[in-house]
Amino acid sequence: MHFLRRLIGRENPSAQTEIQDGSGSSSERPRMDVGWVTDAGKVRDHNEDAALVITAAHDARQAHPPFGLLVLADGMGGHRAGEVASSLAARVAAHHITRRSYLPSLLGPEQDARRPALTEVLIDAVQAANQTVSEEVPGSGTTLICALVLETQAYIAHVGDSRAYVITEDGMKQITHDHSIVDRLVDTGQLTPEEAAEHPQKNVLYRAIGQGGALDVDTHVHKVGAGDYLLLCSDGLWGLVSETTMVDLIREAPSLQEACRQLVTAANDAGGSDNITAILWRSPLG
Amino acid sequence: MTPTDPLETHKIEDIRSSSVGADAREPTALGSSEGSKVERPVEQPSRIDGRLPPGFLLQDRYRILSVLAIGGMSAVYKGQDLRFSKVKRVCAIKEMTSSATDPDVRQMILRNFERETNILATLNHPGIVQVYDCFTEGDRSYLVLEYVPGKDLEAMLEQTRGFLSEEKVVSWAIQICEVLSYLHSQEPRPIVFRDIKPSNVMLDDFGRVKLIDFGIAKMFQSGKRGTMIGTEGYSPPEQYRGMADPRVDIYALGATIHHLVSKRDPRLEPPFSFHQRPIHETNPSVSRELLEVVQRALEYEANDRYGSADEMKRALTSLRSARGGMGTDAFGAPAVVRGEITPQWRFALEDEIRSSPAVHGGTVYVGAYDHNLYALTADTGEFLWKYATDGGIASSPCVYEGMVFVGSTDKVLYAVDASDGRIRWTCPTGGKVWSSPQAAFHHVFFGSDDRHLYAVNVESGRVAWRFEADGQVRSSPHLGDEAIYVGCEAGVVYAVDTGGEIRWRFRARRAVTSSPAVTDEMVYIGAQDRYVYGLDVRSGWLAWRYRTDGPVISSPAVGKGIVFVGSADSHLYGLDAETGRLVWRYGTDGQVTSSPALSGGRVYFGSVDGGVYCVEAETGNLLWRYQTDGPVTSSPAATEERVYVGSCDRYLYALPG
Numbered sequence: 001m002h003f004l005r006r007l008i009g010r011e012n013p014s015a016q017t018e019i020q021d022g023s024g025s026s027s028e029r030p031r032m033d034v035g036w037v038t039d040a041g042k043v044r045d046h047n048e049d050a051a052l053v054i055t056a057a058h059d060a061r062q063a064h065p066p067f068g069l070l071v072l073a074d075g076m077g078g079h080r081a082g083e084v085a086s087s088l089a090a091r092v093a094a095h096h097i098t099r100r101s102y103l104p105s106l107l108g109p110e111q112d113a114r115r116p117a118l119t120e121v122l123i124d125a126v127q128a129a130n131q132t133v134s135e136e137v138p139g140s141g142t143t144l145i146c147a148l149v150l151e152t153q154a155y156i157a158h159v160g161d162s163r164a165y166v167i168t169e170d171g172m173k174q175i176t177h178d179h180s181i182v183d184r185l186v187d188t189g190q191l192t193p194e195e196a197a198e199h200p201q202k203n204v205l206y207r208a209i210g211q212g213g214a215l216d217v218d219t220h221v222h223k224v225g226a227g228d229y230l231l232l233c234s235d236g237l238w239g240l241v242s243e244t245t246m247v248d249l250i251r252e253a254p255s256l257q258e259a260c261r262q263l264v265t266a267a268n269d270a271g272g273s274d275n276i277t278a279i280l281w282r283s284p285l286g
Numbered sequence: 001m002t003p004t005d006p007l008e009t010h011k012i013e014d015i016r017s018s019s020v021g022a023d024a025r026e027p028t029a030l031g032s033s034e035g036s037k038v039e040r041p042v043e044q045p046s047r048i049d050g051r052l053p054p055g056f057l058l059q060d061r062y063r064i065l066s067v068l069a070i071g072g073m074s075a076v077y078k079g080q081d082l083r084f085s086k087v088k089r090v091c092a093i094k095e096m097t098s099s100a101t102d103p104d105v106r107q108m109i110l111r112n113f114e115r116e117t118n119i120l121a122t123l124n125h126p127g128i129v130q131v132y133d134c135f136t137e138g139d140r141s142y143l144v145l146e147y148v149p150g151k152d153l154e155a156m157l158e159q160t161r162g163f164l165s166e167e168k169v170v171s172w173a174i175q176i177c178e179v180l181s182y183l184h185s186q187e188p189r190p191i192v193f194r195d196i197k198p199s200n201v202m203l204d205d206f207g208r209v210k211l212i213d214f215g216i217a218k219m220f221q222s223g224k225r226g227t228m229i230g231t232e233g234y235s236p237p238e239q240y241r242g243m244a245d246p247r248v249d250i251y252a253l254g255a256t257i258h259h260l261v262s263k264r265d266p267r268l269e270p271p272f273s274f275h276q277r278p279i280h281e282t283n284p285s286v287s288r289e290l291l292e293v294v295q296r297a298l299e300y301e302a303n304d305r306y307g308s309a310d311e312m313k314r315a316l317t318s319l320r321s322a323r324g325g326m327g328t329d330a331f332g333a334p335a336v337v338r339g340e341i342t343p344q345w346r347f348a349l350e351d352e353i354r355s356s357p358a359v360h361g362g363t364v365y366v367g368a369y370d371h372n373l374y375a376l377t378a379d380t381g382e383f384l385w386k387y388a389t390d391g392g393i394a395s396s397p398c399v400y401e402g403m404v405f406v407g408s409t410d411k412v413l414y415a416v417d418a419s420d421g422r423i424r425w426t427c428p429t430g431g432k433v434w435s436s437p438q439a440a441f442h443h444v445f446f447g448s449d450d451r452h453l454y455a456v457n458v459e460s461g462r463v464a465w466r467f468e469a470d471g472q473v474r475s476s477p478h479l480g481d482e483a484i485y486v487g488c489e490a491g492v493v494y495a496v497d498t499g500g501e502i503r504w505r506f507r508a509r510r511a512v513t514s515s516p517a518v519t520d521e522m523v524y525i526g527a528q529d530r531y532v533y534g535l536d537v538r539s540g541w542l543a544w545r546y547r548t549d550g551p552v553i554s555s556p557a558v559g560k561g562i563v564f565v566g567s568a569d570s571h572l573y574g575l576d577a578e579t580g581r582l583v584w585r586y587g588t589d590g591q592v593t594s595s596p597a598l599s600g601g602r603v604y605f606g607s608v609d610g611g612v613y614c615v616e617a618e619t620g621n622l623l624w625r626y627q628t629d630g631p632v633t634s635s636p637a638a639t640e641e642r643v644y645v646g647s648c649d650r651y652l653y654a655l656p657g
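Chains A and B, in that order, give the protein sequences. Quick note: the first sequence uses the working numbering, first residue 1, plus one each step. Quick note: the second sequence uses the working numbering, first residue 1, plus one each step.
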């Protein structure tokens, strides 16, 4: 029923009715449901991926909307520098994002133009991670993807080739563009996607955290409709498991956490040549 | 006080490892006179933010004068070589810091550095800065170079308004080819520059080209293991695979020319996308011949490019622009001809038209400052009827269920029969009505200067409810699927939901006079604080904002993933709907307070300069412009056939769509 009918139904024919702030409704607020797994895979001897997940729920008058922050970083660099870089990048970004978006929202439900915009917060967070990693772990690098989820909308910022996908009943759609040389060569018609998958330099990135200097951060805003999924994953997953397999596993698994476990298993079954990380969020139903 | 003996000879190697005799030091040289240390003397001024301060002494010989440039892993200083005590011998000192932590890697980098600089020290060409010295002190390495007073091409580009002349660019390119030729023909192996880009090309005071920075800095990045590389934007695909033959320099020179003539920095674009950004899109005056040279230099496959710098130089030299003639325009055709537009009709009212017309069922309805609401036939502009209110009409009419609703500055909302203009009912409020009404579900919604948003029954004219805002409500409410969105003059935007509750509020810094545009994902509004805001539709959180240079009174329109909105800074903006980044903007000669209308892939809007504009939605390219005799502050109404718009010259125009 269109909401206006309900609104109009309150009409009092004999007097003007003032609408003021009323008391909150008692219906249950949607839950933030997230699953995640990170695994070293079968070939590498340690895990240089980092996953960081923050969810916040609030049921009250003037409550903030259900809030989620999903961060994934895939590190590289010799002598374990990669795992230091990915963890550091994830933490710096999460710190920046919560401090500039979530924490202020707790103190005042009214949104204010003086606060930074979400896209700005995300870009600044990724750039802060770049700055910190290049200063503290020189010689290392990492990808970084951050998804800030507000109820049914995902705000995504990323650098590198870790990906964000949205899964709807129509299938799986990759939202982010890889910052890899082969992706550019495919984009410009120099390689086919099949050739890219076999290319010896398929992992070479032209943009990554830790390269220092100014960094161009990609941002996306994507609605994730009721019952649809948002998946963040590193190339240890998407490079080994087909999209059809991923979609089937996600849809058929009994829980988001179980879906992530199965995705990792599928990647390991396909060789597990790299570290594997999957973070899966589902938009509340109804 | 013994001055340095200028006839003392010290070989370069000695400087690095041994001391200069105590007597040979200048009186201002501070610190210890002990043996063979090359550590910094104790009383040296300390680094500022990691950079050497003026007065700092390197190798007891080079005194830092100032900082010339700072990069990520390197810095360039202006220095004085104190060896030449009788004159001021100035040099450039490049300091490089290795980022590698692995000691083996650092050793390797150092060895490479020394080998490369030794080769460079043997080069002699007017287009290359001379290398005078190199050494390592502490954990940093240094190159002492010829100091070139002048500007680099990147600075030149930034400081030049408009485009650089093609002749100049071609002459620089020819000089660069000559240097490359020299480098590539070195024995036993060609020297590949690897880092041709505008900031590495200096122009001395005579306008002669000098290449600086032989990609030495690159070696300091090679300590990174793994798969990460930074982008330079000027490098060809094979360079990322670690291959560096002379044709890498050809590509980079092509990229440099592309940047210099188009003013588009390739580092800000995805790599290898030159072919997607043809030069003539930004600079149509470049000659076709130069475009072809650049295109060949930028071929992906190295074998398709010029085989040598000599070959490319020959191609450049044969350009007319090289010989001092101007090339023809790239396509020999004149610039885009703007179509001639004539109105299909126009209708004179008795006073200014500041509000937008509404079109429905073959009739155009419009209000004017002459207090009247007019109805005209849409195809011919014939007068049908008019209704007189008691105040100027600045709000746009809304047609619904056979009635026309319009607000007036006499504080009343009028409901008039659409076919004959007879009054059905009126709804008085406590303040002027500037806001344009919206109708749905048998109710009409509008705002008043009495600070309320009203919901009025369409049949009876009775107020069903009203909502109190923090300021006058001049914006028109938007009726969305889940809430009503409206702004007020106190700068607050409200989302009012099903229970009549405020779902969220967003406060801008100044008044929100414009009306929101709403999609599934976002609410877009403009405010008089100059910003356009994109708000998350469910929560009201600020997703993005874009700052224009003037108050935004125009209401946004959204379509094709772009938000179109005007600003008092005289531009119409096209912003990416997801991220708020600028896609394009179109400049007029007056404020754009009119709200754009989107129809058929085109955007129509007016300006205070009197023009009515039609631009392509995706590109912002002008399709036509029609000049009226007064400011156009109202928004056009567009249908498939026509665009209707009023002007302060008192006419309502019907222009072909």
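Certain hints may be false.
In the DSSO-like style, the derived pairs of lysine-lysine whose C-alpha atoms are separated by at most 27 Å in a straight line are [said to hold, decoys possible]:
| # | chain 1 | residue 1 | chain 2 | residue 2 |
| --- | --- | --- | --- | --- |
| 1 | A | Lys-173 | B | Lys-560 |
| 2 | B | Lys-411 | A | Lys-223 |
| 3 | B | Lys-168 | B | Lys-88 |
| 4 | B | Lys-386 | B | Lys-168 |
| 5 | A | Lys-202 | A | Lys-173 |
| 6 | B | Lys-168 | B | Lys-263 |
Pulled a few chain A residues facing chain B out of the computed Cβ check, cut under 10 Å [said to hold, decoys possible]:
| # | residue |
| --- | --- |
| 7 | Ser-101 |
| 8 | Leu-103 |
| 9 | Gln-111 |
| 10 | Leu-118 |
| 11 | Asp-183 |
| 12 | Arg-184 |
| 13 | Leu-185 |
| 14 | Thr-219 |
| 15 | Gly-225 |
| 16 | Asp-228 |
| 17 | Glu-243 |
No lab work stands behind these hints, which were simulated from the structure alone. C-beta atoms are modelled at their ideal positions from N, C-alpha and C, and glycine is treated no differently.
> CA of Lys-168(B) to CA of Lys-88(B), is that 27 Å or under?
Replying inline: Violated, at about 33 Å.
> Is the hinted pair Lys-173(A) and Lys-560(B) satisfied, with a Cα-Cα distance of at most 27 Å?
Replying inline: Distance of about 19 Å is within 27 Å: holds.
> Has the given pair, Lys-386(B) with Lys-168(B), been kept, meaning a C-alpha gap of at most 27 Å?
Replying inline: It is violated: about 65 Å lies between the C-alpha atoms, which goes past 27 Å.
> With 10 Å as the cut and Cβ atoms as the points, is Glu-243(A) at the interface with chain B?
Replying inline: 23 Å, violated
> Are Lys-411(B) and Lys-223(A) close enough, with their CA atoms no more than 27 Å apart?
Replying inline: 41 Å, violated
> When the nearest CB of chain B is found for Leu-103(A), is that gap smaller than 10 Å?
Replying inline: Not OK, violated: Leu-103(A) not within 10 Å of chain B, min 13 Å.
> Can Asp-228(A) be said to touch chain B, with a Cβ gap under 10 Å?
Replying inline: With a minimum Cβ separation of about 13 Å from chain B (threshold 10 Å), the hint on Asp-228(A) is violated.
> Does Leu-118(A) pass the interface check with chain B, least Cβ-Cβ distance below 10 Å?
Replying inline: 5 Å, holds
>> Checking hints one by one. Is Arg-184(A) an interface residue toward chain B, by the C-beta closer than 10 Å rule?
In response: Where the cut-off is 10 Å and the nearest Cβ of chain B is about 5 Å from Arg-184(A), the hint holds.
>> Holds or violated: the hint that Gly-225(A) contacts chain B, with Cβ atoms closer than 10 Å.
In response: With a minimum Cβ separation of about 9 Å from chain B (threshold 10 Å), the hint on Gly-225(A) holds.
> Would the hint on Ser-101(A) stand, with a C-beta cut-off of 10 Å toward chain B?
Replying inline: At about 7 Å, which falls below the 10 Å cut-off, the nearest Cβ of chain B leaves the hint on Ser-101(A) intact, so it holds.
> Can the restraint linking Lys-168(B) and Lys-263(B) be considered satisfied, given a maximum Cα separation of 27 Å?
Replying inline: 14 Å, holds
Comparing the model with each earlier hint shows violations of hints 2, 3, 4, 8, 16 and 17; every other hint is respected.
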